[in-house]
Amino acid sequence: MKISLTARILLWGVMGFGFTFIYLPLVLVVINSFNKNTSFAWPPTGFTTSWWGKAAVNEGVRDAITRSAVVALSATFIALILGSLAAAAIARYKFFGREVISLLFVLPIALPGIVTGIALNNVFTNFLGQLTIFTIIVGHATFCIVVVFNNVAARYRRLGASLEEASMDLGANRFTTYRLITFPLLRSALLAGGLLAFALSFDEIIVTTFTAGAGQNTLPIWIFQNLFRPNQAPIVNVVAAALIIVSIVPIYLSQRLTQEKVN
Amino acid sequence: MSSVKEILNRKPTLRAASLLSLPLLWLGVIYIGSLFALFITSIWKIDTFTSKIIREFTLENFIDVFTDRAYFNVTIRTLFVAICVTIICAVIAIPMAFFIARIAREKSRAVLIALLITPLWASYLVKIYAWRTMFYPESGFINWLISPIGGSSPGFGIFAVIIGLTYLWLPYMILPIYAGMEKLPSSLLDASSDLGAKSGRTFFSVILPITWPAIIAGSIFTFSLSMGDYITVQILGGTFQMLGNVVYQNFSLNLPFAAAVALIPVIIMMIYLSSIRKSGALDNL
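So the protein lines, in turn, are chains Z and P. Counting from 441, one number per residue, gives the positions in the first sequence under the numbering used here. Counting from 1451, one number per residue, gives the positions in the second sequence under the numbering used here.
With the rest of the complex left out, here is chain P (with noise of 0.2 Å):
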């Protein structure tokens, strides 16, 4: 027994090994390997009549994925709804981060936190049957709100699942931008504004700068959440379908080219993960 102790008291890398062993044998086998395995699947096809896989390599998959118009239509309009929904969470996100980190004071703080928190809580699916409530044309609370002002619900739709997948995700934008705000020292703050700088002037200058890791942090989760959404689509969308119904709906009847497709996504996500791996943002999560 202490010899055991004492390999482990000279060798680091040991302790590291066996501190790790576990959680690795976790995300790396169940995790990895099923995501591996899914990836050996889209490689394969299947027989037309029977949805059984045939474990023969082709690539027609892709070759479908990659050729047919309408599935190159969905991934831009996947990419386009969530880069709309990290764009209106960041800009809703970055002054609500700043009022309640530096505007706030320390007692109001905890209150204006605990107020963003509760949403997070909520059930996923309150919120989106929420919006889909309110959406509802013709009887919907939007309808009420604007129709005597002449407009009416735009509803269900792709505006309808941007709103919704905003709301969603909003908590996860603002949390880490508050945390990186939190950590801004005042004297530069200070020190911009004694050099001259208007409000405008320091928040491009020094805020954005400094808390664009918290920003891009925040930016994993609602372009990642969003793109592989396919619930709140369902629920508000009506017809626009995106990445995640594709693969849904293939899923139970065409396993290798849901697979193919579901390659997409996870192709756009590493490519941008690796393209922000440099800023820090990884440690502002």
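Bound-form chain Z, shown alone (with noise of 0.2 Å):
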């Protein structure tokens, strides 16, 4: 394909402005995190470590992390379960009402968080009487599944059922066709949508606002009530800076995956 001078000269220009608009304000967190000025006025007027160390041995911020990995933990579990079924029953067989049900999949990211947040609260208080871990677990899996979903059933449309059907033509049974064939299939769609559904709910603060109860602090609910708090901002800008540090981890395992895929 052709392409001429004046085009190639616009996507590298876009390609550009594209990364610096994107990198930018992530480096400029980082760089603050050094930043002796506590209101991080620009430019930075010395650096200091002590943010970081002040930020290691803060209470809120590890019982935070902590609470945020279970709920996300818990959802993405049970998101891989419940996506990967109605995957499969979506992709392979054809049944009334099949339409709806594959847009109901969707509704959860389709329909604003707000929403979401205070249908369940609304819910949650009226017959559960009090907001616990496992609410957050269950509003964020509702949104979870969605992602599996859509990675899984991705995967079942570009595999074909032509593979399972020899499967079972060579008098495999439904269950060891599942096993042998489609679940190493699937294996790297579901360890995406894994990754994707964790990384959502790590990070999830609209619905998890209306469904944990008090005190039940996740990393991002953490963040916000202490982002307009003066003396505890810079500790909010090192654990900033540290979560775009450590997001660098999975990205990596997912380029693996991917390289691995492709050998």
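Since the hints were derived computationally from the structure, they do not count as laboratory data. Some hints here could point you the wrong way.
Claimed, not checked - Pulled a few chain Z residues facing chain P out of the computed Cβ check, cut under 7 Å:
(1) 469
(2) 522
(3) 663
Said to hold, decoys possible - Derived Cβ-Cβ restraints for the label pairs, each shown as a range:
(4) Z:496 - P:1468: 47 to 53 Å
(5) P:1520 - Z:539: 34 to 40 Å
(6) P:1633 - Z:685: 33 to 39 Å
Claimed, not checked - Computed far set for chain Z versus chain P, every beta-carbon distance over 10 Å:
(7) 474
(8) 513
(9) 616
(10) 626
(11) 656
(12) 669
(13) 672
Cβ atoms here follow ideal geometry from the backbone N, Cα and C, with glycine treated the same way.
Both chains are sitting in their own frames, so use the hints and assemble them into the complex.
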């Protein structure tokens, strides 16, 4: 395909602009976490590592990270099971109402989080009486299912049914076929969906605001509560910088996974 | 036991139903049930002294929402922001996705994709917080950047909200479009240029129509996520407010009214989703 010089320059320009736009704020956060000035006026006036030390021993941060991890792991676990069951049904069977049901599986991310949040809050407080860590997990699992479902359903569509049919023609039953043929083919889609579900849950704040009980701070809630407190702001900034740096790990993992698939 | 197996073997509908039962129970009962309960609440009212809900049918909330000019204005403002964010995201995302999918070499493609996904993992609040420090009037980065050429930071408000939301949802637009561009057969692009079309013509007559469903799929995210947001608006908006803020403010004192306001983005999203259902966008999510 031939691309004119103007188009080429334009495309390079947009790429440069796009990546600057994406990375500049993140780089500034990391730089600011070493900024001596507590109000983060730009440019920084001095270098200090003391905020990192203070953040590392902060009880609130640790407590919130643990809770966020528990919630994200549980929600991802539920989502992996329910999402892959649903994807198998939608992708491999034709039945009445299939269209409506596949639309239903998009709704939790297509409708604004605040609607999901107040709807769940209303039901939880009326029927359960109180909000706990379990209500956060239920809320998160609801939109995590969608992510797993989308990933697995897309994989099913790409695979086609011929391998499974061949396996069953050769005498394997449904369960064996799933175990030896379908599941290995789905594995990387499940992993990608699971990782994304974990990330979404770990980062979610809107639904969490309405489903978390008093004192049940997840990390985003903790950050939000402390964002406007002047003496906590440097610690928030360190947590923010740490999150950016830590987020490279799952990226690296998923890159390795796709590399393996290619090889 | 074997009889159950036989029945399942003979009836594919039953197999599908058994696979679907658990996920449907979860989404159908917990999620749809809660939404339904919320909208029942919107036709109730509250005791204005105790904030307790009185379970009597009334259309008062809807009459308030639809006749008060202020709520109409908030809805229009929210739609405006959501549309701006979606368009800006699309304008940046389409060329970037095209570049990565069709121009970048095989090796650098993986790196570019990783670079795009990384900010998806960085926390929502961190990103908005980053923009807050940048938009700070007088001491922020933007002010520092443009003050030498005589500008000053626009400060917090609708502009900052649009930039912040664009920033947040941009990867959600790029990734589906990238997936769509990757599937684009290169024979079509070659044919177009062999037949004499310039790059611009190829883009508008070949690339854009074929990747349209993917672009629409991306727009579902950018549009819906922008429309329901209230936290970015709180952090970057100054006094600027959107529908989400109205819902949030009324939520604890007047849930029926908050539910009625929350119905506005739901209705808009339902109209949007049903109008694009035929485009095949939902398979591109």
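Subject >> Violated hints - listed by number, lowest first >> reply: Those not satisfied: there are none.
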